[in-house]
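Trainee: Sequences are here, hints too, so could you generate the full structure?
Convert by adding 3 to the 1-based position in the sequence shown; the result is the number in this note's numbering.
Read the hints as simulated data drawn from the structure, not as lab findings. One thing to keep in mind: the hints can contain errors.
[Claimed, not checked] Cut-off 20 Å, straight-line C-alpha distance, at most; resulting in silico cross-link-like pairs (SDA-like, lysine to any residue): (1) LYS630 x GLU667; (2) LYS477 x GLU489; (3) LYS581 x ALA597; (4) LYS581 x GLY503; (5) LYS630 x ALA597; (6) LYS477 x ALA488; (7) LYS477 x GLU465; (8) LYS581 x ASP628; (9) LYS581 x HIS624; (10) LYS630 x THR660; (11) LYS477 x LEU507; (12) LYS581 x ALA598; (13) LYS581 x GLY570; (14) LYS477 x VAL438; (15) LYS581 x GLU557; (16) LYS581 x LEU560; (17) LYS581 x GLU551; (18) LYS581 x HIS545; (19) LYS477 x ARG532.
[Unchecked claim] Just the calculated beta-carbon pair ranges, DEER-fashion: (20) ARG631 x ARG412: 54 to 60 Å; (21) GLU604 x THR565: 17 to 23 Å; (22) GLY405 x TYR549: 57 to 63 Å.
Beta carbons are placed, not taken as given, at the ideal position from N, Cα and C, and that holds for glycine.
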Amino acid sequence: MEHTGSTGFGEARLPPAGRRFGREAELARLLDEFEATRRMGSAARLCLVRGPRGIGKSFLLDLFAEQLRGQGVPVLRACGREGEGPFALFAQIVDAVLAALGTEGVPERRLMELARRMAVLRGLYDADRPRPRGTAALQEPGLRRLDFFDAVAECVSLIGRRQPAVLLFDHAEAADEGSLELLHYVAATSVGPGGRAPGHRPSASGRCLLVVAVGEASPLPEPLQALVDSVPGTTIPLGGLDLDGLRALLCRDDLAEKLLACTGGVPERIEALLSEPGGGEVHSFFARRLARLPAGQRWLLELLAVAEGPLRAEVVEAAWAAAGGPGALAEALDALVEARLLRTTFSGGRPSFALAREACREELAERLAPDLRRRLHRILADALEATGGALPQIARHRLRAGDREAGRRAAVAAGEWLARRFAFADAAHFYEAAVDLLEDRWSEEAARLYLRLFELERAQGESLRALVWLGRRKRCLLGDAAALAELRGQVAQVLCQQLGRPSLARRLALAAVGPVSPAAAEAGPDPDRLGLWVTLAEAAWHDGAYEEVERIVEAGLALPETPGTAGARIALANTLGKVHLQRGELDAAEARFAANLEAAEAAGIPAEMGRALNNLGVVAHRRGDRKRALEFYRRSLEVQGPVDRRREAFALQNIATLYHETGEVEEALDAYHRALAAFTRAQNRAQIARTAQNLANLYLYLGDLERARDLCRHAIEVATSVGDPYLLGYAELVHGEIARAEGAHA
Numbered sequence: 004m005e006h007t008g009s010t011g012f013g014e015a016r017l018p019p020a021g022r023r024f025g026r027e028a029e030l031a032r033l034l035d036e037f038e039a040t041r042r043m044g045s046a047a048r049l050c051l052v053r054g055p056r057g058i059g060k061s062f063l064l065d066l067f068a069e070q071l072r073g074q075g076v077p078v079l080r081a082c083g084r085e086g087e088g089p090f091a092l093f094a095q096i097v098d099a100v101l102a103a104l105g106t107e108g109v110p111e112r113r114l115m116e117l118a119r120r121m122a123v124l125r126g127l128y129d130a131d132r133p134r135p136r137g138t139a140a141l142q143e144p145g146l147r148r149l150d151f152f153d154a155v156a157e158c159v160s161l162i163g164r165r166q167p168a169v170l171l172f173d174h175a176e177a178a179d180e181g182s183l184e185l186l187h188y189v190a191a192t193s194v195g196p197g198g199r200a201p202g203h204r205p206s207a208s209g210r211c212l213l214v215v216a217v218g219e220a221s222p223l224p225e226p227l228q229a230l231v232d233s234v235p236g237t238t239i240p241l242g243g244l245d246l247d248g249l250r251a252l253l254c255r256d257d258l259a260e261k262l263l264a265c266t267g268g269v270p271e272r273i274e275a276l277l278s279e280p281g282g283g284e285v286h287s288f289f290a291r292r293l294a295r296l297p298a299g300q301r302w303l304l305e306l307l308a309v310a311e312g313p314l315r316a317e318v319v320e321a322a323w324a325a326a327g328g329p330g331a332l333a334e335a336l337d338a339l340v341e342a343r344l345l346r347t348t349f350s351g352g353r354p355s356f357a358l359a360r361e362a363c364r365e366e367l368a369e370r371l372a373p374d375l376r377r378r379l380h381r382i383l384a385d386a387l388e389a390t391g392g393a394l395p396q397i398a399r400h401r402l403r404a405g406d407r408e409a410g411r412r413a414a415v416a417a418g419e420w421l422a423r424r425f426a427f428a429d430a431a432h433f434y435e436a437a438v439d440l441l442e443d444r445w446s447e448e449a450a451r452l453y454l455r456l457f458e459l460e461r462a463q464g465e466s467l468r469a470l471v472w473l474g475r476r477k478r479c480l481l482g483d484a485a486a487l488a489e490l491r492g493q494v495a496q497v498l499c500q501q502l503g504r505p506s507l508a509r510r511l512a513l514a515a516v517g518p519v520s521p522a523a524a525e526a527g528p529d530p531d532r533l534g535l536w537v538t539l540a541e542a543a544w545h546d547g548a549y550e551e552v553e554r555i556v557e558a559g560l561a562l563p564e565t566p567g568t569a570g571a572r573i574a575l576a577n578t579l580g581k582v583h584l585q586r587g588e589l590d591a592a593e594a595r596f597a598a599n600l601e602a603a604e605a606a607g608i609p610a611e612m613g614r615a616l617n618n619l620g621v622v623a624h625r626r627g628d629r630k631r632a633l634e635f636y637r638r639s640l641e642v643q644g645p646v647d648r649r650r651e652a653f654a655l656q657n658i659a660t661l662y663h664e665t666g667e668v669e670e671a672l673d674a675y676h677r678a679l680a681a682f683t684r685a686q687n688r689a690q691i692a693r694t695a696q697n698l699a700n701l702y703l704y705l706g707d708l709e710r711a712r713d714l715c716r717h718a719i720e721v722a723t724s725v726g727d728p729y730l731l732g733y734a735e736l737v738h739g740e741i742a743r744a745e746g747a748h749a
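Mentor: Laid out in structure tokens, this is it:
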């Protein structure tokens, strides 16, 4: 089975069997990577194919896919230049992935659940649709996005259980940012240190080779650069062809046809083409061909040049009609396809058109006069609107058309459309564009945009960038005491929960809440702002101010109960339970967590049920009752695993610690690996470092020094970025133990 996107501009044809093609060495390395994947028990491998545009990356992937197809290997392929909407790289292959899992025996019920969680990839997402019972916690955008990412990673982990599967991602640098974030996430959780699919034991996982073709764009998109820098894998660089490769290239029929169309078969022109340094003559030939075209055909090429990707036939038709194109559109398109100036692709049985060569598209777009370029963007935006095009596409053309108000409205609409589909980074770009088009950067409209940008950055885990947008919003709210108090509470939440600054968070939260005492609460603070009290209590707990936590919780719970505050009241009580735990008051802690479990069950809040069960497990663990602790931890996973991946990680870590203490090594390894993958998904760097250290210690005990060293280096790198001297010191100590075991100097 093979799902193929375009092989690139100028669709290369494969050489006949037995003929040399100049990429034998690179193809052999790719095949070696596949064989290494085949030998693995269950895991994923990453291979990057690097090289400048036009060097033959797509052709190499064609050769690789052809070789594997002959062996019956599942090959799924996507292209960064194809597709519409967010996560287009994965949207191109999602149906093929689900079909492959079905043939490998994954139960239909599980496939249906995965398809539901990945519905955004299939164009079925509706933010307002009813969700299954027990998914209330997924209302938080960041958690819903994480659940979607986990579903994709789970599919990648399951594929290739019978024989290794191969996923090919061509022209990755041209993909949308959401696709690249998802690709980085899947690679990091499947390939990175301790990488393991969410919720899977090795025996249930498959083997998969991820091959990513990356151009030499400068700079690379941030998520793609992160993948290149941080995910371990093999890199295959592509340089120019050798003499055999050039001979094979010149023997290709499609190249001969292009030379004939470009030069008319005149030997002198062919000589001129070959003697021109840097291929500049190619562009001049294209310019001359363009000048000889009828006006209608030339206009079509200009329209497609500014489109920057394939255009559906109905969009081209609407644009042609709006511009009053001369002559018959079908004849003009046929002539351009026949002349190899256009390429045609099909999706769902519908044709789309694009220029045959990216270099020619770029040259033509650069040659257009600014007024004509803006007019073409405006025509495209209107045509896309008329044919139900994706809002991000419409917004890009509105912005480039230079229509300030229309561009701002389109950017906001596109940003919200993308945000509802978890493409937070792409959504933020459009909101920033909308901010740039505002006449007044400190207006009410600006304040709304800054708040949305804060929410989007926080949902991505970009806490510092989120605070920047709150800083701008603050300037819009001067004089509005209630709004400023809410803003201080938002800043305090970020400082306490994401940035580990409890003292500063306490001061800000206290300024937002006001005096803290039961009497002050009875005097009338707003119960709907109980979340601020939770933040204040957590900040005080992290700061070791336990008496203050008791005052805050007593005051917060004295507030009258109102609809929607049950979760916040349980969270307040949970913080008090943690105070009892820190003081060694195990009976009081157990009573508090048991009451929380009962309240969470009554309110139907799975996340709080899971947290209470996990904390009851901690109490049992402290008492030395490992059997009961393990029971609580497992129940916690069952309750909260599907809805809160961040807390799931702590339950897994606790289970791993229990097994480690009792010497059940295999179970400890599995739980540690799953915890490390879960903390990686949740972007909890401190816990990533701590869990990687524990794994390194366990592998050192088992004598697997290579794995111990890799995990310890990972722990040191992450601990350094956190800036925690204890974490870093302990990681360095473990590294020294590994070096001593290897017989080297620590």
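Trainee: State for each hint whether it applies.
Mentor: These are the hints, each one checked on the structure:
Only pairs whose Cα atoms come within 20 Å are accepted, and LYS630 paired with GLU667 is accepted, the gap being roughly 13 Å. For the hint linking LYS477 to GLU489, the alpha-carbon distance of about 10 Å falls within 20 Å, and the restraint holds. With a CA separation close to 13 Å, the supplied pair LYS581 and ALA597 stays within the 20 Å bound. Our distance criterion of 20 Å between C-alpha atoms is met by LYS581 and GLY503, whose separation comes to about 17 Å.
For the hint linking LYS630 to ALA597, the alpha-carbon distance of about 18 Å falls within 20 Å, and the restraint holds. For the hint pairing LYS477 with ALA488, the CA-to-CA distance comes to about 10 Å; that is within 20 Å, so the pair holds. Distance check on the hinted pair: LYS477 and GLU465 sit about 19 Å apart at the alpha-carbon level, within 20 Å; holds. For the hint pairing LYS581 with ASP628, the CA-to-CA distance comes to about 19 Å; that is within 20 Å, so the pair holds.
This hinted pair checks out: LYS581 and HIS624 have alpha carbons roughly 14 Å apart, not beyond 20 Å. At roughly 13 Å between alpha-carbon atoms, LYS630 and THR660 fall within 20 Å of each other, so this suggested pair holds. Distance restraint check for LYS477 and LEU507: the Cα-Cα separation of roughly 17 Å lies within the 20 Å cut-off, and the hinted pair is therefore satisfied. The suggested pairing of LYS581 with ALA598 holds, with an alpha-carbon distance near 13 Å, which does not exceed 20 Å.
The suggested pairing of LYS581 with GLY570 holds, with an alpha-carbon distance near 17 Å, which does not exceed 20 Å. For the hint pairing LYS477 with VAL438, the CA-to-CA distance comes to about 15 Å; that is within 20 Å, so the pair holds. With a C-alpha separation of about 15 Å, the suggested pairing of LYS581 with GLU557 holds against the 20 Å cut-off. A hinted pair counts as satisfied when its Cα atoms are at most 20 Å apart, and LYS581 with LEU560 qualifies at roughly 16 Å.
A distance of roughly 13 Å separates the Cα atoms of LYS581 and GLU551; the hinted pair therefore holds under the 20 Å criterion. A distance of roughly 10 Å separates the Cα atoms of LYS581 and HIS545; the hinted pair therefore holds under the 20 Å criterion. Note on LYS477 and ARG532: the hinted pairing holds, with a Cα-Cα distance of about 19 Å set against a maximum of 20 Å. Distance hint check for ARG631 and ARG412: the Cβ-Cβ separation is about 59 Å, which falls inside the suggested range of 54 to 60 Å.
The beta-carbon spacing between GLU604 and THR565, approximately 20 Å, falls within the hinted interval of 17 to 23 Å. Our hint of 57 to 63 Å for GLY405 and TYR549 holds, since their Cβ atoms are close to 60 Å apart.
Comparing the model with each earlier hint shows no violations; every hint is respected.
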